[in-house]
Every structure is written in C-alpha cells, then in structure tokens.
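Visitor: Take a look at the letters that make up each chain.
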Amino acid sequence: MDWQSQASEPIDPRALRVWTITGIVEAVSTLAIAAVLAGLTARCLPWLAKPAWIGFMAVALVSAWVSACVVPGIRWRRWRYRVAEREIDLVYGVWVVKRTLIPMTRVQHVGTRQGPLLRRYGLASVHIATAAGHHEIPALALNTAETLRNRIAEWAGVADDV
Amino acid sequence: MSEPHRLHPAAIFILGIRSAVRIGKGLVVPFAAWIASELSKLQSNSHWPWLLAAALALLGLAMLGGILEWHRCTYRVVDGELRVEHGVLVRKQRFIPAERIQSIDLEEDFLHRVFRVVKVRVLTAGGSDDKIALVAVSRVDAERLRASLWPGRTAPSLPAHEAGATAAQTAVSLPASDVLATYPVDTGNDGALWDSVQPGAAQPSATVPVCQVSMSQTICAGLTSGRVGMFFTALSGLYSVFHDAPPLRHVFTAVWSRVEQQVRVPVLVELAVALLIAAWLASTVQYTIRYANFRLFVDDEQLVTERGLISRRRISIPRERIQAIRIVEGLLRQPFGFVEVHAENAGFGERQVDAVVLHPFLRREDVPAFLAKVASEFSIEAPTLSRLPLRARRRYLIRTLVLPLLFVTASMAFVPHWGWLSLPVVPGAFWYGWRRWRYAGWGIEGDHLYLRTAGLARTFVITTRRRVQSCSIRQSWWQRRAALASFRFAVASGLAGAHFGVVDLELIHAIRVYEWLRPRSRQKPSA
Numbered sequence: 001m002d003w004q005s006q007a008s009e010p011i012d013p014r015a016l017r018v019w020t021i022t023g024i025v026e027a028v029s030t031l032a033i034a035a036v037l038a039g040l041t042a043r044c045l046p047w048l049a050k051p052a053w054i055g056f057m058a059v060a061l062v063s064a065w066v067s068a069c070v071v072p073g074i075r076w077r078r079w080r081y082r083v084a085e086r087e088i089d090l091v092y093g094v095w096v097v098k099r100t101l102i103p104m105t106r107v108q109h110v111g112t113r114q115g116p117l118l119r120r121y122g123l124a125s126v127h128i129a130t131a132a133g134h135h136e137i138p139a140l141a142l143n144t145a146e147t148l149r150n151r152i153a154e155w156a157g158v159a160d161d162v
Numbered sequence: 001m002s003e004p005h006r007l008h009p010a011a012i013f014i015l016g017i018r019s020a021v022r023i024g025k026g027l028v029v030p031f032a033a034w035i036a037s038e039l040s041k042l043q044s045n046s047h048w049p050w051l052l053a054a055a056l057a058l059l060g061l062a063m064l065g066g067i068l069e070w071h072r073c074t075y076r077v078v079d080g081e082l083r084v085e086h087g088v089l090v091r092k093q094r095f096i097p098a099e100r101i102q103s104i105d106l107e108e109d110f111l112h113r114v115f116r117v118v119k120v121r122v123l124t125a126g127g128s129d130d131k132i133a134l135v136a137v138s139r140v141d142a143e144r145l146r147a148s149l150w151p152g153r154t155a156p157s158l159p160a161h162e163a164g165a166t167a168a169q170t171a172v173s174l175p176a177s178d179v180l181a182t183y184p185v186d187t188g189n190d191g192a193l194w195d196s197v198q199p200g201a202a203q204p205s206a207t208v209p210v211c212q213v214s215m216s217q218t219i220c221a222g223l224t225s226g227r228v229g230m231f232f233t234a235l236s237g238l239y240s241v242f243h244d245a246p247p248l249r250h251v252f253t254a255v256w257s258r259v260e261q262q263v264r265v266p267v268l269v270e271l272a273v274a275l276l277i278a279a280w281l282a283s284t285v286q287y288t289i290r291y292a293n294f295r296l297f298v299d300d301e302q303l304v305t306e307r308g309l310i311s312r313r314r315i316s317i318p319r320e321r322i323q324a325i326r327i328v329e330g331l332l333r334q335p336f337g338f339v340e341v342h343a344e345n346a347g348f349g350e351r352q353v354d355a356v357v358l359h360p361f362l363r364r365e366d367v368p369a370f371l372a373k374v375a376s377e378f379s380i381e382a383p384t385l386s387r388l389p390l391r392a393r394r395r396y397l398i399r400t401l402v403l404p405l406l407f408v409t410a411s412m413a414f415v416p417h418w419g420w421l422s423l424p425v426v427p428g429a430f431w432y433g434w435r436r437w438r439y440a441g442w443g444i445e446g447d448h449l450y451l452r453t454a455g456l457a458r459t460f461v462i463t464t465r466r467r468v469q470s471c472s473i474r475q476s477w478w479q480r481r482a483a484l485a486s487f488r489f490a491v492a493s494g495l496a497g498a499h500f501g502v503v504d505l506e507l508i509h510a511i512r513v514y515e516w517l518r519p520r521s522r523q524k525p526s527a
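Residue numbers (this note's numbering), protein chains in the order written: chain A, 1 to 162; chain B, 1 to 527.
Hints are computed from structural coordinates only; laboratory data are not their basis. Model, not experiment: these values are computed from the prediction. There could be a bad hint or two in this list.
[Stated by the list, open to error] Taking beta-carbon pairs under 7 Å as the criterion, some of the chain A residues facing chain B (in silico): (1) Ala7; (2) Trp53; (3) Met57; (4) Val96; (5) Arg106.
Quick reminder that beta carbons are idealized off the backbone N, C-alpha and C, glycines included.
This is chain A alone, in the form it adopts within the complex (with noise of 0.2 Å):
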C-alpha cells in the first residue's frame, strides 16, 4: 500500500555528495578501528592473527562499503517533504522507512543551519521545532531553504532564527 508518495519534493542532489563525503569519513574511521581491534588480538593471541585480520577486515569493509555507497543513495531517494499551509510532511530513514506530520500549528521555531561542509555546496538544512522535539529537512539549496524557512514561519505565525 502506498503511504509514501504524498509527501513530493526531493532533496537537493548534491545531498548525495555531501552524505558520500560524510560516508567515506565514517568508513575510514570503522577500518581504523578494525585495524586497530585485529592488531590487538593479534598482539595478545598470535595463533588468532590471521583469522582476526581477515574477519575484522572482511566486516570492515562491508561496512565501508555500505556507508560510502548504498546509504547516501537510499537516503537521498527515500527524502521527501511537502510544506503545505497546515502541516508538514516528512519521509524519510534507510533501513525503516518514516513518515512524520507536524502540524503547522506546533511550530515553535523554525530555521537554516549550515555546516562548513554543507555551505562548500551552497546547501542548508531547515531546523524545525516543536513543543516536543525538532524536525529537519537536510540539505536544501540555500535559497529553497530560506524560502521554505519564510513560508513556514509566516504559516506558522512564529518568529524565524537564522
């Protein structure tokens, strides 16, 4: 059954770039660590250290692999928003998907936030908050994101913090 598809406007493409960046970083991180776990277990166990390289490295890998290149494409496929007058709908999430509506009524703040990596693409994310948490949509071309972040605070009626 399709419950996803209200919910229309995609994410800026050069998202994915930017969450491949982000990718790679966290991969280069997980083979450090793997690397660093087998040379250990080799060092205390030497009849494990062949075993241990290999798995640690094997596990590793996949994994880098998987953050590098298959989350940054699901996700930017899956993003989803659409800002109506009262409400806004999100979908979103790799392994589950989620479907969230915030009515317009709730939003207490709302805002563009953009990281040193973000702003090297010309990208912002609208930061959006409620009485019980916050929202974002991630990565938008800066000009999108300061008009949806306009829109929803003149839908909402509440003030907007750069």
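Put chain B on the given structure of chain A with help from the hints.
Guide: What follows is chain B alone, placed relative to chain A:
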C-alpha cells in the same frame, strides 16, 4: 507583591545549615579514617578543643553566608512576571513571565516544619535550567505569591460563610499533624488575610480534596508498587559507600569472605529470596514515606496534589498544561484492579517519575469518573480498543525470544552442571512477548486518541488531537512484507517531549490514525 520581598528569616538557618553540612561532608569524608582515630584517643588527646573550635567557626561562617544570601535574595511580581534577584558574589536576576510557568511546587522538609515555612519551586518549560527555588517562604506568602502569579480564578464559587463552614469541617476531620494545611484548612484563620490580598478573588473554590488516599491504601499501594528496583539502586549506592570508607571496608570484606566460604546453591537461593523480601519491604516503606497522605484538590484552573510523610510536597499544575493522561497498571496491581494515574505535563524535565502522579492507587472502574472530575479534557466514556492483528504475534514472540534463546544456548554450552537452570527463561520470555502483543492496542473516539502498551505493566495513554505535537508512521522491510507498521506520537513534556507508540499495527490502521491527526478545515467534523 510588586515591592521586593525577602525570604522568611528561617532561610538564614536553612541555607546556613545546608552549606555547613555540605562543607562538613566535603571535609569529613576524605579524612574519615583520621577523624575516627582522633576520636578514639579523645581522652588522651589535647586537640579536641581545637577541633570543636574549628567546627564552630565553620558553622559561624556558614551562618554568615546564610545571612548574606538571605539579605541579597528578593522576589516580587511585576507586570505578571516573577522577578528574583539573588547571589552574593555574582548577582543574578531571573525574570519569568507568569504564563511560562508550568507548575508551582511547595515543599516542606524537616527544618521547614520547625520554622513553619515552605520551599517554593517554580518550574518552566525549559527544564532544569529555568528552575527557580525560593528556599524558605512563609506559608501565607507562598499562597499569596501563587495567587498573584495565577490570579485566573474569578469569583469564589462558594459564598464566604459557606466556605468558612466547609473549611471548619475539613479542619475538624483532618488530623492535627497535617502540614501544609493552608490550602484547605487555614482559610478559617487566614480568611481575612485572603480578602485583604485580593478582594474576593483568591479564595480557592475547591477547599475539600477531590480524593484522599488513606494510610492503609498507601501501604497497599506500596506493597504492589513494584519499585523493588529502586531499593536495589539504593543498595548499590550503599555498597559503594561501604567499599570506599576504609574502616568499614574491613567489616565488609570479613562478612563477604564468610559468605564466600559457604557458597553453595541452596545458600545463594536463600540469600537471594531473603534479599528480595527485604527489598520489597524496604521499597514499601520508602513508597509509603513518599506518598503518604496523598490528597488532590481541583479548581477551575489548576490541580493541586499533596503528599509525603516526612517532607510534604505540594504541586500545583494548571489544567491547561496537561498534555496527556497515562494510566499505569503495575504487574502486582493487575489482579486487584488498581491503577496509578499520571499527568504528562509540559515542562517537567527530569522529575517525571513522581512529579505528576494524579492518583497513586485508584480502582480501575473508578477511572472514568475520576477523569471526568479531574481532567475532563481526557475523559472518555468506554474506550474501544482495537487489538493488533494475529500476524503481529509471531513478530512479537520472535523479538522477545531471540536474546533469551542465545543466552540459554550459551549457558547450556559453557556452564557444565547448572546450565539447564537457565531454561525457565524461555517460557518467561514467551509469556512476556505474548503479553506485549495481547495487550497492545489503539483507538480513536471523538477528539481522543488512545494507545495501550504492555510490558510487565500495562500503560494506557489518552491524549486529544490538539495536544499532539507530531506523529509518525514507521515501517521496516519485514513489516512491509506483512503490511504492518509502527505508529508514534509526541506530546510536549520536558525538553524532548514524551513519545508514545504501538509497534506492528495494521498499516491501514496506522494510516487512518495519521490521517485523523491531519489538521483539517475549520468546519466541525461529524462526531
């Protein structure tokens, strides 16, 4: 209240003693062994006058600090805003608009009782950061402060003489030891004062508690509270104290080595049973002390709960701030049909566990009447609960059985003689998973949304459409194959909100709830 008020002078002693104890603790604990050895050769030692002098000097300094703090701390209400100025070295000013205040708590410890004062705590939505505590305020001032912050009540619902009569009756029927009695009882004495403060406005319309829990009921509630775990955390704290304090360590290790010598399974079982019973009784005592003399008052604007044996605590919550009602049936209470009613309140941060108990021990069949009286926004006649589909059951069972099966396999494989002892874990887990599936459910009625989830305890949550801050459907790959989904919603509570959800309901049902929560156009939906 527009001119600055000082705290009650008792604050000097309370602050002084508190900081003396704190400093004393900081000095004594690290040097415990040394002090103990000094004390043991007290007669032959000429140091003790110095020690005494040092202690007195410390107390004097602490009192001086108390005086300074008391002198600096003032509070007042200006333009519907509470303004508190305090601090000796760093002066601080806190301004809190009355409409941002989520609750006003009055608390009484032993020292407060001696001086007949209360501690006033003002909580706002920001959580722990925005907390203001006035250490000692006379009871009359505390009520006056509350009345000037929340003057919302219109005319008193009872004529003056009738109110007086009711108050007098209550005064007779309540035990003399009842503290914090200003709200219902002292109106007889302070009636004139109330009138002079705010003519005809501040008289609480409800001077008789809506419900009151007797001592025997409180003890029953304690016996079935299932908070044995609390006792064990206290015990582990005690253990670390014993373990760290050098003179006690010897005692501890001596006892432990005795125990170790006799480690045989029967002894261990006996020990465990004894410990469990002790924990159960201790948690009952703890619970009773905390919840004794529970009373609940209701007026048009707010709910006031009051509880505690040694330190009394009164919490006022504006009714408008209640976001959801949670009805919890503990495992031990289910056979007897008693529940605990909580209010999910926007603004309580870390103290959620016990801050907003509306009734500690209510008969299940009395819940609808209770809600109609106390939180009418959340009262429903007869909730019809849709249970989860049969095909969800397998998923619930698999989820709860995976870990126990691994555990049992491992212990059978690695523990030579006693491994089979872990076998009962499997039917236990099976029963638990079945329960979780059996009692989970959801429902919509009018403007109400309710969910039931179960672990060992069964929890029933009721909220209304306008209280839901956000909601979501989630579906994993396996859920998609079975056309199931999970549903979650959030209401304001603390900083991150409170989330409630059901796992593995029919996808179409999840979508139905989601669509139902969608804001719709102004016209009234057909009921």
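Visitor: How about Arg106/A: closest beta carbon in chain B under 7 Å, or not?
Guide: holds, 5 Å
Visitor: With 7 Å as the cut and Cβ atoms as the points, is Ala7/A at the interface with chain B?
Guide: violated, 12 Å
Visitor: Should the hint that Trp53/A touches chain B count as held when the rule is a Cβ pair under 7 Å?
Guide: Since chain B brings no Cβ nearer than about 26 Å to Trp53/A, farther than 7 Å, the hint is violated.
Visitor: Measuring from the C-beta of Met57/A to each C-beta in chain B, is the shortest one below 7 Å?
Guide: violated, 26 Å
Visitor: If you take the shortest Cβ to Cβ gap from Val96/A to chain B, is it below 7 Å?
Guide: holds, 5 Å
Hint violations for this structure: numbers 1, 2 and 3, all remaining hints satisfied.
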